[in-house]
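Participant: Between the sequences and the hints, there should be enough to build the whole structure, so can you do that?
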Amino acid sequence: MDIEINNITKRFGGFVALNDVSLTVHPGELVALLGPSGSGKTTLLRIIAGLEQATSGTVLFGGENALARSIRQRRVGFVFQHYALFRHMTVLENVAFGLRVKPRDQRPKDGEIRERVMRLLTLVQLDHFAKRYPAQLSGGQRQRVALARALAIEPAVLLLDEPFGALDAKVRKELRRWLRSLHDEMQLTSLFVTHDQEEALELADRVVLMNNSVIEQVGSPQDVYDHPASSFAYQFLGNVNRFDCRIEDGKAHVCGGDIAVPPPLVNGGGPAIAYVRPHDLEIFTGPVMVGEPAVVRYLSAAGPVAKIELSLDHGGSLVEAEVGRAELHALDLKIGQPVFLRARKARVFANAVH
Amino acid sequence: MAAPAAADAKNRLAAQEPLWLRLLLTALAIGFLILIVALPLAAVFGEAFRQGVGAYFASFDDVDVLSAIELTLLVAAIAVPVNTIFGVIGSWAIAKFEFVGKSLLVTLIDLPFSVSPVVAGLVYVLVFGVHGWFGPWLVANDIQIIFAVPGLVLATMFVTFPFVARELIPLMEEQGNEEEEAAISLGASGWQTFWRVTLPNIKWGLLYGVLLCNARAMGEFGAVSVVSGHIRGETNTMPLYVEILYNEYNFVAAFAVASLLAMLALVTLVLKKIIEWRFGGSSAIG
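First to last, the sequence lines map onto chains A and D.
To convert, note that position 201 of the first sequence is 201 in our numbering; the numbers rise steadily by one, no gaps.
Take the position in the second sequence, starting the count at 1, then add 1000; the result is the number in our numbering.
Misleading hints may appear alongside valid ones.
[Said to hold, decoys possible] Taking lysine-lysine pairs in the DSSO-like style, the calculated list, with each CA pair at most 30 Å apart, reads:
1. A:K307 <-> A:K170
2. A:K251 <-> A:K334
3. D:K1096 <-> D:K1273
4. D:K1096 <-> D:K1272
5. A:K109 <-> A:K131
6. D:K1096 <-> A:K102
7. D:K1203 <-> A:K131
8. A:K102 <-> D:K1203
9. A:K131 <-> A:K173
10. D:K1096 <-> D:K1203
11. A:K109 <-> D:K1203
12. D:K1203 <-> D:K1272
13. A:K307 <-> A:K334
14. A:K307 <-> A:K173
15. A:K131 <-> D:K1273
Think of the hints as simulated: they come from the structure by calculation, not from any bench.
Nothing here was measured: the structure is a model prediction, and the numbers come from that model.
Facilitator: As structure tokens, then:
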């Protein structure tokens, strides 16, 4: 089922949590709502679920007005950040809850409920834990119970609020992969909220980048990473170095490189801001003097790429560069060594407030 | 090696007082409790049985004593359930919602703890007494509140209102809204959510509050004394009747009735311990 969000605005007293937000989620899609805390992403998710009322705007499920329906009729599976499992019920009873509270004429028989619950528990690989209480499970197991519980009502839409936020890095990675394959199997229209850009980029079909109560950009992970639409998007998606620069003759001089400037900015001229990804910075040690003189301040070679922090001779904050291990070996850098730095690629924005 | 060992010794010294001091403090605490709590409690039973078991039970062979017991049970039977229901509603509202006047409501719930019970009784006389605000209207309609059972119930409810709410508010605040939201998102109605999720989560705290509320409701003296009028066989509760018997030098009967109240306290204490034990157990798995 597709979800259509039209001009949703939400105010809490004087505070605007969502400002005229519109978004369409296609059937079977897995969409990430990505943004810093306070950007409005969780509020949007809660409005779609019906846990929060929008001040204005509409939400359509499969073309029908969802706001007119009660939560019960919306058939939304909601997975909470802190699981929100019923602490006094066993895993089995937790998952069965949504079936047990159905009106009598729609409620399946006891045996059928049990069968369906066990099938779901097998799906989330927790069939051996049916008789345990939530407190007896690990964080990752609890999250899977929460997911099974949400799936038990056969939802038309699955909503997940920071589903992996409270888990440690390793479990998070496993669950992420597992959720992706589960989604591919079930083809359930799903939205999840996260503040972790890596999670959004790795897991989602489409990423919705939110900031300051509005949607900044919507696109495929590759799209938003390679072509950030705004200065905020550039800073939020991945590590980035920021340089002040000037536009002259349609080009910006950024850290020793001449970067072509997008058309709308060309005529403007004057001061601008450039963003350069750490892996788009080149380091030269040889006798050739290209780029800006800089000094190596810090080296970290653990992991597949080496991180190098440098200070430019003409001042400014530290700059971060990334090179492959082989390249690092060839460069043979030492702390305190003078080098030259050049931007291979950069994205230039008008001198905005950001 | 030497340094950690030295630090260890130092830690032990810092954490542990010398033996003589520990013994002295323990003895002081136990002695104090015996003097202030255990001895008087024993004295109640001692005095009650001073003239033998026969005299003890004969004390209850009095219509006025029996009516005092009955009245106490009646008042508790009304005040405790009413306070339980309103306590749950009040705590629910305070713990789970934000609204204007919330802090005022919290203060109001605490008020009976800080107001002298005598004042509580006087307030009801002022409002419902013959010369009170509603007095003329009540007299004209032949409704008696002060010096009658309704007044006793009202005064008791006032004094015992905070017990349930005070127990539940921190508990519900700690548990938050998420489980209720989960229940609703799974299709439960408000009523189903309350019975299946909220109530099971607070049941031990609630029981604990009800128990304390009941103990106080049956034992309340001050507020009830003001609105009672001390009509024998009609408006005397057990604590009030103990005083009357005592003032009449009927010590055996006074202490016999008092022993019932003391037993109520002991039973409450035991139940409280059991609940604490269950409470601890259930929070360990839930």
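Participant: Each of the hints needs a verdict: does it hold here or not?
Facilitator: To see whether the hints hold, each was checked on the structure:
1. A:K307 <-> A:K170: Holds - the C-alpha atoms of K170 of chain A and K307 of chain A are around 22 Å apart, at most 30 Å.
2. A:K251 <-> A:K334: Cα-Cα ~33 Å, so violated.
3. D:K1096 <-> D:K1273: holds (29 Å)
4. D:K1096 <-> D:K1272: Holds, at roughly 27 Å.
5. A:K109 <-> A:K131: holds (20 Å)
6. D:K1096 <-> A:K102: holds (25 Å)
7. D:K1203 <-> A:K131: Given pair K1203 of chain D, K131 of chain A holds - Cα atoms ~22 Å apart, limit 30 Å.
8. A:K102 <-> D:K1203: Distance ~24 Å between K102 of chain A and K1203 of chain D Cα, so the pair holds.
9. A:K131 <-> A:K173: holds (27 Å)
10. D:K1096 <-> D:K1203: Measuring from Cα to Cα gives roughly 17 Å; hence the hint holds.
11. A:K109 <-> D:K1203: Answer holds: K109 of chain A to K1203 of chain D is near 29 Å, not above 30 Å.
12. D:K1203 <-> D:K1272: The hint holds at about 13 Å.
13. A:K307 <-> A:K334: Between K307 of chain A and K334 of chain A the Cα gap is close to 13 Å, so the pair holds against 30 Å.
14. A:K307 <-> A:K173: holds (23 Å)
15. A:K131 <-> D:K1273: holds (29 Å)
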